[in-house]
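*Asks:* Protein chains in written order, with our numbering: chain W, 6 to 126; chain G, 44 to 296; chain Y, 289 to 393.
Please note that a few of the clues may not be correct.
[What the hints assert, rightly or not] Straight-line alpha carbon distances no greater than 20 angstroms define the calculated EDC-like cross-link-like pairs of lysine to aspartate or glutamate that follow:
#	chain 1	residue 1	chain 2	residue 2
1	Y	290	W	24
2	Y	290	W	71
3	Y	290	Y	342
4	Y	290	W	28
[To be verified] So these bits of chain G aren't anywhere near chain W, every CB distance computed over 12 angstroms:
#	residue
5	88
6	147
7	152
8	222
9	267
10	278
11	281
[To be verified] Which chain W residues stay away from chain Y? Per the calculated CB distances, all over 10 angstroms, these:
#	residue
12	51
13	79
14	81
Everything labelled a hint here was simulated from the structure, so no lab data went into it.
Where a beta carbon is used, it is the ideal one built from N, C-alpha and C, also for glycine.
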Amino acid sequence: MTVVADLEAGIGTLTRLGDAAVDIVVIVIEPTPKSMEVGTRAAVVAAEKGIARQVIVANRVRDAADLEVINAAFPGHEVVVVPDDRAIVEADRHGVAPLDMAPDAPAVRALSELAERLVPT
Amino acid sequence: MRVAFIGKGGAGKSAIAGTFARLLAQRGEPVLVIDSDPMPGLALSLGLPATDAGIPDEATVERAEDEDGPRFKLRPGLSASDAIELYAAVGPDGLRLLQFGKLREHVGALMRSQHAFHQIREELRSDRWHLVGDLPGGTRQPFFGWTQFASVVLVVIEPSEKGMLSGRRLARLADGEDAPQQILAVVNKARHPDDAARVEAGTGLQVVAVIPWDEQLADAERLGRAPIDAAPDAAAVRAVASLVDQLHTGALS
Amino acid sequence: MKIAVVGKGGSGKTTTSAVVARVLARNGATVVALDGDTNPNLGLSLGVGVDETERLVGMRQALDTADGEHATDWDSLLDAFGSDGPDGVRFAVVTQIDNPEPGCP
Numbered sequence: 006m007t008v009v010a011d012l013e014a015g016i017g018t019l020t021r022l023g024d025a026a027v028d029i030v031v032i033v034i035e036p037t038p039k040s041m042e043v044g045t046r047a048a049v050v051a052a053e054k055g056i057a058r059q060v061i062v063a064n065r066v067r068d069a070a071d072l073e074v075i076n077a078a079f080p081g082h083e084v085v086v087v088p089d090d091r092a093i094v095e096a097d098r099h100g101v102a103p104l105d106m107a108p109d110a111p112a113v114r115a116l117s118e119l120a121e122r123l124v125p126t
Numbered sequence: 044m045r046v047a048f049i050g051k052g053g054a055g056k057s058a059i060a061g062t063f064a065r066l067l068a069q070r071g072e073p074v075l076v077i078d079s080d081p082m083p084g085l086a087l088s089l090g091l092p093a094t095d096a097g098i099p100d101e102a103t104v105e106r107a108e109d110e111d112g113p114r115f116k117l118r119p120g121l122s123a124s125d126a127i128e129l130y131a132a133v134g135p136d137g138l139r140l141l142q143f144g145k146l147r148e149h150v151g152a153l154m155r156s157q158h159a160f161h162q163i164r165e166e167l168r169s170d171r172w173h174l175v176g177d178l179p180g181g182t183r184q185p186f187f188g189w190t191q192f193a194s195v196v197l198v199v200i201e202p203s204e205k206g207m208l209s210g211r212r213l214a215r216l217a218d219g220e221d222a223p224q225q226i227l228a229v230v231n232k233a234r235h236p237d238d239a240a241r242v243e244a245g246t247g248l249q250v251v252a253v254i255p256w257d258e259q260l261a262d263a264e265r266l267g268r269a270p271i272d273a274a275p276d277a278a279a280v281r282a283v284a285s286l287v288d289q290l291h292t293g294a295l296s
Numbered sequence: 289m290k291i292a293v294v295g296k297g298g299s300g301k302t303t304t305s306a307v308v309a310r311v312l313a314r315n316g317a318t319v320v321a322l323d324g325d326t327n328p329n330l331g332l333s334l335g336v337g338v339d340e341t342e343r344l345v346g347m348r349q350a351l352d353t354a355d356g357e358h359a360t361d362w363d364s365l366l367d368a369f370g371s372d373g374p375d376g377v378r379f380a381v382v383t384q385i386d387n388p389e390p391g392c393p
């Protein structure tokens with residue numbers, strides 16, 4: 006069984022996990038200082054918990070400058086880029102799954118590739 | 044006035060609360076911003092450097108064994124006003140920022156500071172300061188009474204289904220025993236002319252302001268700058284100014 | 289395989305979790321998606337719709353009120369609180385297996 010747990014925002018739940026309770030922590034970041042600050046704190050906690058693998062999702066990336074900022078904050082990390090994509094905004098607006106509303110949108114394809122990276126088939 | 048900003052994570056509470064506080068302070072009003080988010084962010088929207096610091100241990104004493112009440116209380120002789128002078132950061136336009144601190148580990152590390160924070164906030168129900176509170180996203184703190192200091196609760200809502208679902212849940216604060224005098228919606232990142240109507244229909248809340256999607260605010264977020272410093276003439280900032288006008292003149296009370 | 293998705297509110301955790309869960313399921317895995325937020329939205333991103341998303345939370349809250357006890361193993365949680373999502377993803381709102389104290393920020 007594969008469990009995908011969408012935790013509450015912040016690091017609170019992560020700090021309450023038992024050591025090595027999960028196999029992979031996916032840290033979702035936007036290229037803003039606020040978002041990256043939470044992400045770097047989460048990375049520290051995850052490392053302290055002995056979680057084997059961390060994958061950074063660089064979300065809503067508009068350009069090379071955005072990506073550079075994230076790479077600089079997480080040197081040596083696996084980083085997967087999800088581009089800024091109006092299709093996600095529209096899906097959210099309507100309360101529909103992005104995978105159903107816009108399966109070929111760049112962000113959706115990037116997230117599908119993330120899934121394959123996390124658990125290769 | 045005593046205002047609390049709540050809403051789903053990412054709706055833009057801190058950017059709006061920070062801008063609101065600066066605008067009010069720019070009008071010469073004494074503004075105390077209270078930050079109960081264990082994650083950093085609000086300071087940047089205010090134009091202050093982000094720090095982890097909470098209220099130091101010296102501010103509190105441990106309750107005696109035979110005493111009732113919370114485990115830590117403000118030390119004798121320390122009034123809430125004193126505590127603001129000593130422990131609140133001074134920001135641009137003379138505003139003050141009080142936070143119970145930022146987390147890098149288990150929340151227990153902030154417990155003592157949190158007690159001080161609660162008591163200071165409770166005691167400050169006076170006219171000395173306008174209180175502008177920014178809460179972390181979601182329903183946890185609002186449902187546990189952290190908005191009780193406020194007379195007006197503003198729910199920041201993006202015009203998405205998730206935003207409106209969150210808005211419906213938070214609107215339930217109006218039904219509780221300690222309901223605020225007013226709970227109103229602020230639509231943020233609006234892109235369509237019918238967003239306000241949709242949010243009203245979808246949440247049952249009256250929309251008091253509509254802040255448009257604004258690329259300049261998105262840019263300010265990327266730079267980690269306060270919207271009012273990075274883009275003082277932005278449409279979104281002007282929309283927040285109009286919200287300040289409404290509340291400040293008592294148009295809504 | 290247990291995957292936890294974390295980040296600042298609004299960064300895209302829920303959208304990420306939902307797409308990853310469904311794609312892994314399409315690739316053949318037995319997938320359980322868990323929403324650990326006290327303001328749960330994962331159902332919307334998974335595509336179960338707003339009514340089902342609200343219903344599940346309501347169910348959880350009713351059970352909480354009823355006996356004050358919380359299941360602490362995955363199977364009981366899924367039986368009591370779960371629902372079937374698209375692509376065969378089993379989905380549950382599991383807001384805090386151990387509830388924090390009310391004063392907890």
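*Asks:* The structure should be examined with respect to each hint, and the outcome stated for every one.
*Replies:* Okay, the hints, checked on the actual structure:
1. For a cut-off of 20 angstroms, the pair hint linking residue 290 of chain Y to residue 24 of chain W stands: about 13 angstroms separates their Cα positions.
2. Between the alpha carbons of residue 290 of chain Y and residue 71 of chain W the distance comes to roughly 29 angstroms, so the proposed pair goes past 20 angstroms and is violated.
3. A C-alpha spacing of about 26 angstroms is found between residue 290 of chain Y and residue 342 of chain Y, which places the hinted pair above 20 angstroms, so the restraint is violated.
4. For the suggested pair residue 290 of chain Y and residue 28 of chain W, the alpha carbons sit about 5 angstroms apart, so the restraint of at most 20 angstroms is met.
5. Under the 12 angstroms C-beta cut-off, the non-interface status given to residue 88 of chain G relative to chain W is violated; the minimum distance is some 8 angstroms.
6. With a least beta-carbon separation of about 5 angstroms from chain W, residue 147 of chain G fails to lie farther than 12 angstroms from that chain, contradicting its non-interface assignment.
7. Distance check for residue 152 of chain G against chain W: the nearest CB is about 10 angstroms away, which does not clear 12 angstroms, and the non-interface claim fails.
8. Taking the minimum C-beta to C-beta distance to chain W, about 25 angstroms, the non-interface status of residue 222 of chain G holds against the 12 angstroms cut.
9. The Cβ of residue 267 of chain G sits about 3 angstroms from the closest Cβ of chain W, inside the 12 angstroms cut-off, so the non-interface label is violated.
10. Distance check for residue 278 of chain G against chain W: the nearest CB is about 19 angstroms away, which clears 12 angstroms, and the non-interface claim stands.
11. With a cut of 12 angstroms on Cβ distances, residue 281 of chain G stays outside the contact zone with chain W, its closest approach being about 22 angstroms.
12. Not every beta carbon of chain Y lies more than 10 angstroms from that of residue 51 of chain W, the smallest distance being close to 8 angstroms; the non-interface claim is violated.
13. Residue-level check passed: residue 79 of chain W sits 13 angstroms from the nearest beta carbon of chain Y, beyond 10 angstroms.
14. With 10 angstroms as the threshold on Cβ separation, the claim that residue 81 of chain W sits away from chain Y holds: the shortest Cβ distance comes to roughly 19 angstroms.
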